[in-house]
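Given these sequences and hints, build the entire structure.
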Amino acid sequence: MTPTSLVSRQWLPSSSPPLLQLLSRLLSTLLLFSLAGSTVADTYDETLLLQPLSGQFLLASFNFRSHGPIQAFNKQMFQLFPRSLGQILQYTHTRELHLRFALGRWDSELWGAQPDDGQNAGGTGVELWAWVEADNDVEAEARWTSLNNALSGLFCASLNFIDSTRTIRPVMSFSPTGDYPTTNTTRLFLLHGTLPKEPVCTENLTPFLKLLPCKGKFGISTLLDGHKLFDASFQSMSIDVRPICSATTGECDIEIQQNIDMVLDISRSLQRKDSPVPRPRDQHELICDATKSYGSTEYCYPLDNSFDLPWSLSDLFGKSILGRCPFAVRSDQEVAHVCIAAPKERIVSLPEGSDVTQKTLEDGRRCYTLRDNQPFDVFLPKQEPPTSPHRQEPLLYAERSFTGHGQEHGGVKTVLRNPSTTDAVEVVYLESLPWFMKPYLHTLKAELLPSPPPSAGKDAGKVISELYYRPALDRKRGTQLEAKLVVPPNSVVIMTYDFEKAVLRYTEYPPDANRGFDVASAVITIPPHRRKSDGKFVPATSIRTTSLLLSLPTPDFSMPYNVIIFTSTIMALAFGSIFNLLVRRFVAVDEVQRMNLKATIKGWIGKLSKSKEE
Amino acid sequence: MALRVPVNLRKNLSVVLYAFQALSVAAVIIGLASLLLLPLDEYSRRTYISENALLPGQVHAYFGGSEQNIVRAFRKEVAELGNSTSDVVAFRMAEIFRSAGLKVGQQKYSYKAAGGEYTGENVYAVLHAPRGDATEAIVLCAPWKNIDHILNEGGVALTLALSRYFKRWSLWSKDIIFLISADARAGPQAWVDAYHDLHGANVQSLSVKSGAIQGVVVVDHPGPYHRFESLHIMYDGINGQLPNLDLINTAVQISRDQMQLRTDLQEMWHHEDTYRHRLRTMLRGMVNQALGHSTGPHSSFIPYHIDAITLATHGDGWHDEMSLGRTVESVFRSLNNLLEHFHQSFFFYLLMAPKRFVSIGTYLPSAMLLAVGLTLTAIRLWIDPRSRSSTDDGQAVVKNAGEKGGDEKKKQTGDQAATIPKPIDGGPKRELFLPLSVVIGVHFCGVIPFAVFNTVDYKSMANVFYIFIAASFVLPMILATLIALTTPPRRLMQTFHLSRCFSLLFLGMFLSTLATLNFSLSFLIGLFSLPLTFARATPTSTPIALMNSILLQLTSPFAALFAVAGYWGLGVEDVLREASFGWWVWGMWTPAIVWCVWWPAWVVARVSVDASFVMAATGKVPVGA
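Heads up: the protein sequence lines correspond to chains A and B, in order.
FYI, the numbering for the first sequence is 1 to 614, going by the UniProt record's numbering.
FYI, the numbering for the second sequence is 1 to 625, going by the UniProt record's numbering.
No wet-lab data here; the hints were simulated from the structure.
Since this is a predicted model, take the numbers as computed values, not measurements.
Note that beta-carbon positions come from the ideal geometry of N, C-alpha and C, so glycine has one too.
Incorrect hints may have been included.
[Stated by the list, open to error] Here are some of the chain B residues that sit facing chain A, going by a computed Cβ distance under 8 Å: (1) 61; (2) 64; (3) 65; (4) 73; (5) 101; (6) 340; (7) 566.
[As the list claims (entries may be wrong)] Per the computed footprint, the stretches of chain B lying under chain A, defined by three or more beta-carbons under 8 Å from a beta-carbon of chain A, are: (8) 161 to 171; (9) 195 to 202.
[Claimed, not checked] BS3-like, lysine-lysine: derived pairs with alpha carbons at most 25 Å apart: (10) A:532 x A:484; (11) B:76 x A:292; (12) A:413 x B:108; (13) A:228 x A:382; (14) A:273 x A:319; (15) A:413 x B:76.
Quick look at the structure:
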């Protein structure tokens with residue numbers, strides 16, 4: 001029996017005697033538990049990192065990670081791995097999965113580099129990429145489609161709309177993060193799809209939480225409430241599934257990592273607590289600059305950031321953490337569940353009577369271990385003068401915008417800025433464009449600022465070293481553009497290209513046609529490398545630009561109906577008169593037979609008399 | 001089945017000619033009359049909100065209370081900076097925006113026009129929508145000095161205060177850009193050009209950007225006074241383009257129904273909604289539209305298909321800046337509701353009261369009819385037998401011309417002509433070379449004044465203008481003399497005839513095209529060009545020629561320029577400077593249309609009229625006159 005049929009059987013009602021099968025299942029499960037359960041069980045960790053960011057923002061990073069032996073997974077014996085997701089992955093032969101839901105934008109100017117080097121963040125909307133095992137491209141495509149459809153149902157997202165026009169096969173940008181010692185890598189197909197328009201909301205959060213072992217009932221996941229999460233200035237949810245193998249023993253585990261990053265505006269969250277509407281403050285609550293010459297009760301020149309705002313978990317999230325998730329324990333060591341990466345000067349206090357172990361790590365983090373059935377809360381009081389949170393300079397700043405205006409042509413301008421004064425950065429720029437946006441590749445230019453001196457030679461200004469371009473096919477696939485380029489230290493690369501806007505068919509417009517069409521964010525990947533100046537290893541980093549709104553020539557949709565009605569009327573009139581002319585016989589007046597009244601009457605009488613005789 | 005006509009049209013065209021004349025006169029009269037009918041209730045409509053998503057005035061505006069203290073403080077700050085240079089202002093404004101936690105950008109620009117240099121520095125701040133993704137944006141703009149060069153104290157202070165107030169709301173679906181432009185004319189243009197990366201080297205690029213701009217509201221509350229009486233809504237864009245009517249309706253509905261603020265349009269401060277007031281509002285709107293100039297910072301946005309209006313305060317009443325702030329807040333809440341770009345309501349309309357308008361379908365016929373009147377005249381001139389030459393068949397022309405004399409004559413000549421079978425196209429030929437080259441040549445000459453007035457210095461503008469008037473008085477004379485002296489008499493009349501024909505044809509077609517883009521400009525040029533339909537060469541009657549000449553002089557582009565200057569109370573050189581500035585900064589097409597379309601048509605008409613004097617003076621009476 002081929003593996004395919006083995007797996008696919010689970011979707012069908014079993015045809016063999018049910019009792020027998022059930023018994024055999026039970027037996028095997030029991031056997032496995034008795035043999036392996038005590039030694040090789042799934043492990044689960046959950047951590048919450050709270051990190052104040054400059055500008056009175058707070059980054060809350062939730063990380064949930066579990067892994068268990070891949071053999072059990074392949075035999076569909078799920079312990080902590082969510083069964084619903086596991087079965088989908090097996091059915092579609094997906095070896096590695098990365099799913100991202102993101103909303104808002106990461107303000108790298110203010111907040112610095114993204115957490116985890118941007119590995120957990122995706123472009124606005126939904127982004128999905130996976131390595132699917134298949135014999136050939138067609139099979140991979142089919143499995144990808146069924147993966148999208150299944151995930152669409154699981155996460156209540158429109159992932160099923162990732163069709164061939166939104167799917168690309170990146171060449172340089174992504175590489176698998178899992179280990180594949182036994183799989184033939186030529187059988188692994190990477191597929192990547194985005195839905196920039198997808199509004200991420202509560203209906204995506206609920207299934208996300210359901211995948212967790214504690215399902216948002218215990219542990220740090222109790223803080224995840226839709227109202228708070230989706231009020232954040234930036235929010236990203238991610239799921240990564242991959243196999244990881246030990247280099248020494250060669251045993252493989254399957255790992256699922258779920259991540260939620262959110263950036264809260266502390267002042268807005270606190271104010272929400274008092275009133276849902278940000279009414280003007282009371283006069284005595286205003287913080288005014290008293291040094292102004294006109295300073296009086298009537299005038300108030302507002303002072304900002306004169307102190308650190310006081311906050312506690314229950315203020316920001318509306319509740320405190322409800323005990324500990326029973327799975328998130330290790331017998332051999334104390335696990336830190338909640339860490340606060342505030343500057344050392346910032347005071348962190350725990351509510352009185354709380355019995356929590358606190359540990360200060362080397363990097364100044366203060367970490368806490370949760371206890372069973374004990375609520376947990378921390379409180380950071382108001383502090384004056386304000387502390388300055390640690391900000392890690394990102395490797396690269398990226399910004400993308402449209403240029404030009406009009407219904408026919410447009411341009412895209414991407415600005416990549418390397419803030420480092422010493423090191424050049426090599427990046428891979430990936431753009432996945434919809435088919436109705438047709439770039440002119442010959443207009444692709446990368447300009448280096450400050451421009452290199454003419455003495456540096458002809459190739460000094462050449463920024464793009466490699467280019468992979470897969471042109472669009474109308475209504476079949478989108479454009480894929482990958483460029484490898486180098487941004488020299490302390491300089492800016494401005495990449496521009498022009499494009500033409502296609503005219504869509506009248507039925508191809510969405511209901512909100514005049515809103516425009518979303519263009520997915522560009523993915524900028526910095527491959528792992530060793531920094532030249534100090535030899536430090538820099539892990540792979542990825543950056544997403546914002547998505548764009550492309551306006552296409554849009555017909556006045558009341559117009560087609562007018563046209564249809566008018567044309568039909570004219571057609572009807574023309575047809576009517578022509579038909580009339582065609583079927584009518586025209587005869588001259590003298591050609592008409594003169595009617596003989598007498599003969600006619602006689603004829604009738606004759607007929608009548610005949611019928612009587614009969 | 002043949003059409004039965006009482007006279008044989010091939011032999012006698014007079015019926016057709018008269019019919020064309022009557023039709024063209026009728027078109028002009030109906031066109032004019034239909035415009036005057038527009039303000040009536042039967043022809044205009046009440047405005048309504050077409051885009052349901054806007055929901056104007058459905059939310060409570062909270063701006064007030066302690067925010068007033070902040071506005072007052074910012075007012076002090078603005079007044080202190082009052083006369084500082086643009087870069088000092090931009091630096092200080094950037095500081096205020098930055099401390100509120102917004103992304104700030106600054107932009108220097110410098111334009112050269114009419115010998116003057118217009119420099120300044122814009123400063124703007126972007127408030128990121130809390131959950132947005134930089135795909136859409138709305139702009140709140142306050143020029144540092146308004147269109148009348150008065151310090152926009154209230155407007156700027158309000159923008160600064162609103163930027164802090166808006167930041168506290170989490171409901172924004174679009175980014176909000178707060179723009180403080182250095183002035184009301186060049187600054188916004190530099191900014192919006194750079195926003196779309198369509199700027200020249202004289203304008204700096206923008207360092208911070210957001211998404212597609214969906215709407216712009218400009219606040220103009222100049223001077224040190226807090227209080228005002230009414231809100232003046234300005235909406236005219238460059239080249240007579242208009243913002244979507246929904247935006248104006250939203251502003252009107254919010255200020256009138258929600259804030260109890262009176263709204264005015266087109267500086268009609270005492271609008272009683274009578275026929276006269278409606279007509280005046282409409283005509284003022286048409287003048288602004290026809291000039292195609294900027295009436296405020298909003299004008300620069302409109303060519304980019306960004307709907308924009310200016311809310312300016314007027315008078316002294318019981319409303320204060322907080323009412324203006326609440327109005328802006330409510331308008332922004334409405335714009336924030338927008339799911340799509342403004343597209344539902346009208347883009348072509350004439351407003352005659354804040355809540356009354358006519359749409360393009362109703363008003364367009366009047367401008368079209370004027371253009372049709374010109375075209376019909378051109379067609380009449382073409383089929384007129386006097387436009388045919390009499391090279392080998394001189395008699396025919398004479399006969400045809402003579403036919404108009406009387407009915408008896410017609411019968412005789414008609415019989416005679418019938419004996420000579422004449423194919424339709426084989427008749428007397430039209431000599432096209434001379435008339436066509438006159439018309440085309442004069443149209444090319446139109447580039448000269450256009451280029452000259454766009455390059456000449458402001459100081460010498462008036463002198464150059466008077467020289468140019470003299471030149472365009474002399475030019476037709478010279479042309480007429482040259483033609484009259486060099487052309488054989490039998491071809492003289494048809495030369496003038498055909499040149500008028502081509503010039504009118506071109507003008508008519510151009511105006512009917514223009515009417516769909518800038519109705520008012522087309523209508524006004526059409527109105528001024530009416531004498532061109534009857535100003536012709538009359539070698540036999542000098543008084544008529546004199547009258548025509550005076551009429552033409554009164555309806556010349558120069559007369560129109562003087563009229564505009566008088567209307568605004570400016571010198572003629574100021575108007576020309578405005579035109580030059582408009583061309584270089586805003587890309588305003590009005591001067592190009594005036595000099596390259598209207599002026600040549602006028603010159604060609606003058607050539608015909610002047611030829612009458614020349615012919616009368618030289619005694620060279622052409623055949624067929």
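Now the hints, each set against the structure:
1. Annotation: interface hint on residue 61 of chain B violated; nearest CB of chain A at approximately 11 Å, more than 8 Å.
2. Hint on residue 64 of chain B holds. Least Cβ distance to chain A is approximately 6 Å, under the 8 Å limit.
3. Against a cut-off of 8 Å between C-beta atoms, the interface hint on residue 65 of chain B holds, since the closest Cβ of chain A lies about 4 Å away.
4. A hinted interface residue such as residue 73 of chain B counts as satisfied when its beta carbon comes closer than 8 Å to some beta carbon of chain A; here the least separation is about 4 Å, so the hint holds.
5. With a cut of 8 Å, the hint placing residue 101 of chain B at the interface with chain A holds, because the nearest CB-to-CB distance is about 5 Å.
6. Interface hint at residue 340 of chain B: satisfied, since its Cβ lies 4 Å from the closest Cβ of chain A, which is below the 8 Å cut-off.
7. Contact between residue 566 of chain B and chain A, as hinted, is not supported at the beta carbon level, the nearest pair being about 37 Å apart and thus beyond 8 Å.
8. With 5 residues having a Cβ less than 8 Å from any Cβ of chain A, the segment 161 to 171 of chain B passes the three-residue criterion, so the hint holds.
9. By the rule of at least three residues with a Cβ nearer than 8 Å to a Cβ of chain A, the coverage given for the segment 195 to 202 of chain B holds, with 3 such residues.
10. With a C-alpha separation of about 19 Å, the suggested pairing of residue 532 of chain A with residue 484 of chain A holds against the 25 Å cut-off.
11. Under the criterion of a C-alpha separation no larger than 25 Å, the hint pairing residue 76 of chain B with residue 292 of chain A is consistent with the structure, at around 10 Å.
12. Taken as a hint, the residue 413 of chain A and residue 108 of chain B pair is honoured in the structure, with Cα atoms around 21 Å apart against an allowance of 25 Å.
13. Straight-line distance between C-alpha atoms of residue 228 of chain A and residue 382 of chain A comes to about 22 Å, which keeps the hinted pair within the 25 Å bound.
14. For the hint pairing residue 273 of chain A with residue 319 of chain A, the CA-to-CA distance comes to about 11 Å; that is within 25 Å, so the pair holds.
15. Our distance criterion of 25 Å between C-alpha atoms is broken by residue 413 of chain A and residue 76 of chain B, whose separation comes to about 40 Å.
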